[in-house]
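Build out the structure end to end from the sequences listed, making use of the hints.
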Amino acid sequence: MQGLNELSFKALRLFVAVLDLGSFSEVARREGLAPSSISRQIQLMEHALGQQLLYRHTRAVSPTEAGRLLGRHARLMLQQLEAAGQALQEQESEPSGLVRINAPMVFGQRHLSPWLGELCRRYPKLQLDIQQTDTFVDPLQDGTDLLFRIGVLNDSSMQARIFAPQRFRIAASPAYLARHGTPRHPDELASHQCLAYKGITGQQRWFFRKGQGDWTPYSVRGPITGNHADTLTHAAEQGLGLVVFPSWLIGEGLRAGTLRAVLTEYDVATTLEPQQIAALWPGSRRLSLKVRTVIDYFVECFGQVPYWDR
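The sequence shown: position 150 = 244 (our numbering), numbered continuously.
Because the hints were derived from the structure by calculation, they are not lab data. Model, not experiment: these values are computed from the prediction. The C-beta atom is built at its ideal place from N, Cα and C for all residues, glycine as well. Don't take every hint at face value.
Simulated restraints, written as ranges between beta carbons of each label pair [said to hold, decoys possible]:
id, residue 1, residue 2, range
1, His151, Thr227, 48 to 56 Å
2, Asp324, Arg299, 17 to 25 Å
3, Leu127, Ala177, 25 to 33 Å
4, Asp324, Pro368, 19 to 27 Å
5, Lys219, His141, 45 to 53 Å
6, Gln225, Pro268, 34 to 42 Å
7, Ile256, Gln137, 50 to 58 Å
8, Gln225, His274, 38 to 46 Å
9, Gly144, Ser251, 34 to 42 Å
10, Pro368, Arg404, 16 to 24 Å
11, Val399, Pro268, 24 to 32 Å
12, Cys395, Gly237, 20 to 28 Å
13, Pro268, Glu367, 27 to 35 Å
14, Glu346, His279, 23 to 31 Å
20 Å max Cα-Cα, derived SDA-like pairs, lysine to any residue [said to hold, decoys possible]:
id, residue 1, residue 2
15, Lys292, Thr325
16, Lys104, Ala168
17, Lys292, Ile318
18, Lys104, Asp114
19, Lys292, Asp228
20, Lys292, Asn321
21, Lys219, Leu383
Okay, here's the thing in structure tokens:
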């Protein structure tokens with residue numbers, strides 16, 4: 095419609111204000127203008143569009159169907175314009191203010207806390223509130239700005255920046271492998287001591303595949319099961335058996351030599367759904383400079399291929 099090209103953002107703002115307040119005089123009072131000037135702006139819009147936008151009543155105004163339709167689109171346009179203005183403003187500003195972060199316990203200890211010192215030195219006007227929990231967090235209810243999460247990303251109400259896929263490794267201590275031998279095929283796990291994670295849904299099964307083949311599940315057994323990854327990892331380092339855990343969790347042990355990866359020609363998993371390591375924020379919120387700065391910082395720290403997978 096050619097008439098749309100004649101509408102200004104100022105006119106759209108006044109029109110939306112009239113829809114919200116239902117009154118020319120109230121909008122005029124807030125804008126410091128005469129009611130007749132507000133009415134005149136709306137008349138010019140109606141003339142440009144060739145459609146009536148408002149019903150005029152003695153004490154109030156209400157939108158026509160065309161007015162409601164234009165109002166919906168006008169709100170989106172004004173929101174986008176505001177977001178663009180803030181983004182341009184932030185280009186010249188320094189990240190500052192409080193960022194509320196929630197992260198899983200162990201991942202936060204291993205891969206967030208070592209980098210916090212440099213983050214605070216680089217951006218001294220940032221203030222961080224870091225809560226670590228493995229339970230569900232509703233960011234809208236809790237006021238959380240940024241969630242670090244690991245697992246299957248299936249919440250469409252959240253936006254995400256994926257750092258990396260979660261990759262699993264099977265490993266044991268050199269002493270265990272010296273005593274019991276190194277498995278060459280997953281079928282051999284039946285004769286090995288396996289330290290499996292056991293949570294509220296029961297004991298995990300281990301899945302293996304080679305190349306692009308099908309995943310094969312294995313039920314394993316050993317002297318210890320438990321619901322704490324560090325306990326099972328320490329048990330493996332003491333030579334008590336094999337563990338399957340994410341590379342971000344046991345990568346330090348693999349690099350230090352207290353654990354040695356086995357069956358490296360196989361892919362390993364504990365579920366068949368792809369799992370990601372990601373930063374999440376509510377989809378209804380514009381990503382602010384301070385939150386984007388924190389995300390970009392950890393993207394830099396973790397690396398394109400995260401350091402725990404190198």
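Checklist entry - Which of the numbered hints are not met once you compare them with the structure shown? => result none
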